[in-house]
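Chains as they are written, first to last, in my numbering: chain A, 2 to 260; chain B, 25 to 212.
Don't read these hints as lab results, they were simulated from the structure.
Be a bit skeptical, because a hint or two may be false.
Distance condition first, Cα-Cα at most 27 Å in a straight line; then the derived DSSO-like pairs of lysine-lysine [said to hold, decoys possible]:
| # | chain 1 | residue 1 | chain 2 | residue 2 |
| --- | --- | --- | --- | --- |
| 1 | B | K115 | A | K39 |
| 2 | B | K115 | B | K31 |
| 3 | A | K161 | A | K216 |
| 4 | B | K86 | B | K115 |
| 5 | B | K115 | A | K130 |
| 6 | B | K31 | A | K216 |
| 7 | A | K130 | A | K216 |
| 8 | A | K130 | A | K161 |
| 9 | B | K115 | A | K161 |
| 10 | A | K39 | A | K216 |
| 11 | B | K86 | A | K130 |
To give an idea of the interface, some chain A residues facing chain B are shown, with a C-beta separation under 10 Å as derived from the structure [to be verified]:
| # | residue |
| --- | --- |
| 12 | V23 |
| 13 | R27 |
| 14 | N47 |
| 15 | G56 |
| 16 | R67 |
| 17 | A84 |
| 18 | E116 |
| 19 | W118 |
| 20 | G142 |
| 21 | F156 |
| 22 | F181 |
| 23 | S182 |
| 24 | I183 |
| 25 | A189 |
| 26 | R232 |
| 27 | F234 |
Here the structure is a predicted model, which is why all the values come from computation and not from measurement.
Every residue gets a Cβ at the ideal spot worked out from N, C-alpha and C, and that includes glycine.
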Amino acid sequence: MNAKIQPGENQPGRTAWQGDFVRRDRAWHPPAYTPGYKTSVLRSPNCALISLEQGPAEKTGPRFARSMLHEFDNDLTINYARATGSGGEAIGERIIVHGRVTDEYGRPVPETLIEVWQANAGGRYRHVKDGYMAPLDPNFGGCGRVITDAEGRYFFRTIKPGAYPWPNNGSDWRPAHIHFSIFGEAFAQRLVSQLYFEGDPLIPLCPIVNTIPDKRAIDSLVARLDMGEMRPFDCLAYRLDIVLRGRQQTFFENLTEGM
Amino acid sequence: MPVEYRKETPSQTAGPYVHIGTVPVACGIAMRQNERLDSIDAPGPRIVIEGLVLDGSGAPVKDAMIELWQADAQGRVGEHGLWGRAVADFKDGRFFFHTVRPGTLPWRAGRMQAPHLTLTIFARGINIHLHTRVYFPEDAAAQAEDPALNRIEQVERRKTLIAERLGDGQYRHVIRLQGDRETVFFDM
Ligand SMILES: [Fe+3]
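Could you put the whole structure together from the sequences, leaning on the hints where they help?
In structure tokens form, the structure reads like this:
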């Protein structure tokens, strides 16, 4: 059976042909070539990117229906054990991560897919290529996803990931982080990044964090402790708001039917 | 006072474990086992693209995750657009998309674009995903008018976006991240 994700499901009346997206501020994002992060040296293009206007394919993108989600996709404390049938719960500090997705103009980005992946409480990934000595947690997969609501809000429950070492300048250490991928309403908004945790002393030491040149940009990836959303006797909460490229208004563009 | 804007959330590399969150079965996680994202079911002529990403030393990038976004066989995007995701083989770096041949697509101001696939590349060492295109060798006439290809000033570099034909509906395409014959990447 192909349980294929169907782009375009549940999307009547999409405003696909509105204005262009604001150009990416490439000085705010990390550049391709960042020698402090050694792997980037051979994986960074030397030639300048070719600037191109946005066409219909860039101004639309895949849409994902709620119907594709499984019941516990946004609860990483139990979703792996449910999938494997063991029924247990992950070990670690229980947390809620939540926030709002908007564009650069502050408009909510509703009904968009966010995927997350992370190491377990000991800093080990459930991945055939991760050989770190910290043990696997039999009840933790580290894989989750959620679709934002009508106001662009999202939340998931997980355990706080551990820091882990990686070979770069000898043994560098990654701060605790959760990887995330988000689609937005159009291909031009596609974004993959990482969420960090307030107060982690490893953040300023990390060569991957430091591929981002501007301290304020780094700060925007640090989730804040949110005692207002903590669940008493259950879990702490952290909040990270995510901003995708803004869509400009359409003033004089002819909207071609069926394009 | 100028109008205030929020800044876009900055990108970070997808890292070597990108598969966990995007194609969990690829790295040995028994979740979402029914999703076959590299095989797109849509009406139209079937094609297979065999792809390979090479780094600046010519070595295959074996931990890449590649996404596809394309028009359907009638050249429609939006809700008719087709999306897919493939994973480079951990041993040799090759990836495959089984899809349909896209139609000719509209561009801005009534112009048209030659049939093509859009690919985005995510991997360890890539700080922000790379955006490229794949055109087909049979469409030279449409490509001569294509707005994206014509934007590439160095005519020789346009060839980096044309797939190699292996047979009927079968293509191979090599993406070079760096160096000699570096693939063209776009900023849209
Ligand atoms: Fe990581």
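For the pair we were handed, B/K115 and B/K31, check the Cα-Cα distance against 27 Å.
Between B/K115 and B/K31 the Cα gap is close to 39 Å, so the pair fails against 27 Å, i.e. violated.
Holds or violated: are the alpha carbons of B/K86 and A/K130 at most 27 Å from each other?
Between B/K86 and A/K130 the Cα gap is close to 11 Å, so the pair holds against 27 Å.
Given the hinted pair A/K130 and A/K161, is their alpha-carbon gap at most 27 Å?
Judged against 27 Å, a Cα distance of about 21 Å means the pair holds.
Restraint: A/V23 near chain B, CB-CB cut 10 Å. Satisfied or not?
Holds, about 8 Å.
Mind checking the CB of A/G142 against every CB in chain B and telling me if the closest is under 10 Å?
holds, 5 Å
Within a Cα-Cα threshold of 27 Å, do B/K86 and B/K115 meet the stated pairing?
OK: B/K86 and B/K115 at ~7 Å, within 27 Å.
Cut-off 10 Å, beta-carbon criterion: hint that A/R67 touches chain B:
This hint is violated: A/R67 lies away from chain B, its Cβ roughly 15 Å from the closest one there, beyond 10 Å.
Restraint satisfaction for A/G56 [CB to CB of chain B, less than 10 Å]
holds, 5 Å
Hint consistency between A/K130 and A/K216 [alpha-carbon to alpha-carbon, up to 27 Å]
Violated, at about 32 Å.
Restraint satisfaction for A/R232 [CB to CB of chain B, less than 10 Å]:
A/R232 check fails; min Cβ-Cβ to chain B is 24 Å, beyond 10 Å.
Holds or violated: is the Cβ of A/F181 closer than 10 Å to a Cβ in chain B?
holds, 8 Å
Against chain B, with CB atoms and a cut of 10 Å, does the hint on A/E116 hold up?
Holds: closest Cβ of chain B sits about 5 Å from A/E116, inside 10 Å.
In this structure, the earlier hints numbered 2, 7, 9, 16, 21, 26, 27 are contradicted, and the remaining ones agree with it.
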